[in-house]
Amino acid sequence: MIRLNLRKYLFIISFCLILFPAFLGAKVSVVTTITDLKYIAEQIGGERADVYGMIRGIDDPHFVMTRPDFLVKLNDADVLCVVGLDLEVGWIPAIQQQSRNVKIQKGQPGYCDTSFGVKILGEPTVMMDRSMGDMHIYGNPHFWNDPINVIQMALNIKNALTRVDAMNADYYETNFQAFKKKIFALTKEEMKKMEPYFGLKVAVFHDQFVYLASRFKFNANLTIEERPGVPPSVRYMDQVVSYMIAEKIKIILLGPYHNPKYAEYVSSKVPGSVVVVLPVSVGGSPEATTYEEALKISLQKIRDAADKTK
Amino acid sequence: MLVPFVKKILRVGGILSLALASFYLFGQNIPIETKSEDLTQKSKSKTNSVEVPSTNWEEELDKEIAEQESKEKSSQGSRGTTSPVQQRNQVNRSAQNLMMDASVALDIVGAWDNKKPRGTSERINNKLDVRTAEFGFSGAVDQWLRGNFLAAAHGEDGKYFFEVHEAWVQLPFLPFNTSLKVGQMFIDIGRLNKIHSHDRAFTMTPLVHEKFIGWESAMDTGAEFSILFPWTAITQELVIGVTNGKKWGHAHTEGEAKNNPMSYFHLKHFYYFGNNWGTQFGASGVRFEPTTNWRNQRYLYGLDGILRWNRSNLREVMFLSEFWYQQELFPDTIDTSTYISKKTPSQDKWGYYVFADYKFHQLWSVGFRYDYLTDKSLVNKDGSPAKNAIEAQSLQLTFHSSEFGKIRGSFERRYIQDFSKDDLQEVREYRMYIQMVAILGSHPAHSY
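The listed protein sequences correspond, in order, to chains A and B. Residue numbering for the first sequence follows this note's numbering, starting at 2 and increasing by one per position. Residue numbering for the second sequence follows this note's numbering, starting at 335 and increasing by one per position.
One should not assume that every hint holds.
Label pairs and their computed distance ranges (CB to CB) [claimed, not checked]: (1) A:K270 x B:G739: 25 to 35 Å; (2) A:T126 x B:A436: 16 to 26 Å; (3) B:G411 x A:T175: 36 to 46 Å; (4) A:A186 x B:W391: 36 to 46 Å; (5) B:A485 x A:S243: 48 to 58 Å; (6) B:H780 x A:K270: 34 to 44 Å; (7) B:R629 x A:D130: 57 to 67 Å; (8) A:K193 x B:W611: 42 to 52 Å; (9) A:D130 x B:A485: 21 to 31 Å.
None of these hints come from the bench; they were simulated from the model. Only a predicted model underlies this, so the values are computations on that prediction, with no experimental measurement involved. Cβ atoms here follow ideal geometry from the backbone N, Cα and C, with glycine treated the same way.
So that you can see chain A by itself, here it is in the shape it has in the complex:
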């Protein structure tokens, strides 16, 4: 009888001994929407986080199918990182609710809205309605193109990781400080390179470069899209052409997932103008393998275009 009990206890102890280190060594499961968030989460989480990005750099984060395989990923997640400001409103809320994972619901420790604390641009100044296209009522959500905002986003991710895995708080803090230092140095370096181009005026297809322009002091307010998310009319594009000619704007920027034919049409009507496709996000072009590379490539392309169209 005693031997039997001893056996039972030995079994329980050995079972715990096997499981306990497994729990200690378990990685935090992070699911992110865009690739930039995936990259930042990888930098902060390091080897102690397992990061899954739901979409690719060449996918438009506004329009994503609610794929059921995302449900399983979200079901297993400790942290869900979203850009926020309703960028992912068309797909994230549906799969988040269906994930059956209470840890990543809004207001829970595992929910990380990276727009928290970011200086938001593009807030509506008039009451919006759908006749104005796919307007973001909380402001422009493309804020990750400003590297200083990326520091705030990294801080939000670090805080989320710390909330769900407080044991490794110091590790995440160290990674965050290193990342912050790197991004700050990159910003200064790129600001210096962009100095001769301060005040440059460019046109954009979608209003997604306002943060990049605000940081690196160029003007990107002229949009070829008449209304966000809606193909522009020829009448409006002709107005854009006139404005570009009058203001001597010769560069049109667009993302990798946009239909280039509208920008090409406008460019064909503005003598000497060029269409420049920027990576926008990590993986937006084959060379943009990191956030730093994506930013460097984007700014270099703008400088090259400015030199070419002088």
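Assemble the complex: chain A is given as a structure, and chain B must be docked to it using the hints.
Same frame as chain A, but now just chain B:
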């Protein structure tokens, strides 16, 4: 006589002198009070000077003007509907949503055929009509529950019938990846049944769906349990439901008074190939007793599948299909003269549809659907199986004005063959449909 007069003068003089003295003293007091007021003022100003730090207002003004100029410069070219520079906190009127999503969906359909106004349940009356006007509210009830309410008015022969489409409460975060839904709902079987008519990829309900389930979705009140399996190689979800089972399809009545619940299941799979190609396929089964006699049973078995690819909202390819087999069993009949029980033959029908849609432009898509339906229980006069089928081919063009609106035109050729009848054994019909869908307010994301 003199003494009283003197006394009077003295009294009056005393009063006057007192009055003069007091006047003098009052006059003397004014500067004292002024002084004290001055002191109070000074002390006040001293207090103010302590509270408000001295600032260089000129510098502040310059800074404000410079900031305004800088914002003006940065805002150049902006249309002013959004601000490209950071503004002080503004009241965001667009963001007020009463903590729940509210929506209205209008589904306006015109249906014509080349024969005549038919006035059947297929809703072809050779006129334009509001097929459904649906409104709904959904949101979190609290941290445990979510609620959904959808009501609709159907246009039927010039009248509008209001009914509750869905009214359910869900427990979305139960243990072991499960969830439970309780209330009235569009039951989770096949591909189309959970999709409201305005959200479907075509105007008219496929033949097989219309004949077996109804022109709209089958709905009933009960409970639906769902489990999401944890494996990652393929995504798998099982839905099991039990409902009152008093009515079938989209009936607007309470149904038969009986205690025979309807039960169903739907096993769904999803596989992602990569590069935005994905497929979802499933199998469903329903058991229903149409009458109070428990020996009268109806079984419905279905297979559904969708294969789709998309490049954001610019291009999309979709193949969609459903196959349904319906079997109805009847109680044995007794020959009243011989009292011998005789087995009643079952009714067996099956059908399917295949739909392909190609979104070749952000705003335009073209689609084709083939429908087939046959009733295997129809017999000729000699008792042999009668050849019969309904076939339909339809071509459609959709203009997607946005995610919230669409206009669709469809043309359908229908061939109806029934050799169990003596006349009209073969009929060909040509139909045309126009549909306009408008969604106001918030609309939840569509499932895959």
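Comparing the hints with the structure gives:
1. K270 (chain A) and G739 (chain B) have their C-beta atoms about 30 Å apart, which keeps the hinted 25 to 35 Å range intact.
2. Between T126 (chain A) and A436 (chain B) the CB atoms are about 25 Å apart, so this pair conforms to the stated range of 16 to 26 Å.
3. Range check, G411 (chain B) to T175 (chain A): Cβ separation about 43 Å, and the 36 to 46 Å hint holds.
4. For the hinted restraint 36 to 46 Å between A186 (chain A) and W391 (chain B), the CB-CB distance of approximately 39 Å keeps it satisfied.
5. For A485 (chain B) paired with S243 (chain A), a C-beta distance near 50 Å keeps the hint of 48 to 58 Å intact.
6. At roughly 38 Å, the beta-carbon separation of H780 (chain B) and K270 (chain A) lies within the given 34 to 44 Å, and the hint holds.
7. The hint said 57 to 67 Å for the Cβ distance between R629 (chain B) and D130 (chain A), and at roughly 58 Å that hint holds.
8. Checking the proposed 42 to 52 Å range against K193 (chain A) and W611 (chain B) shows it holds: the Cβ atoms sit about 45 Å from each other.
9. A hinted range of 21 to 31 Å for the beta carbons of D130 (chain A) and A485 (chain B) is consistent with their spacing of about 24 Å.
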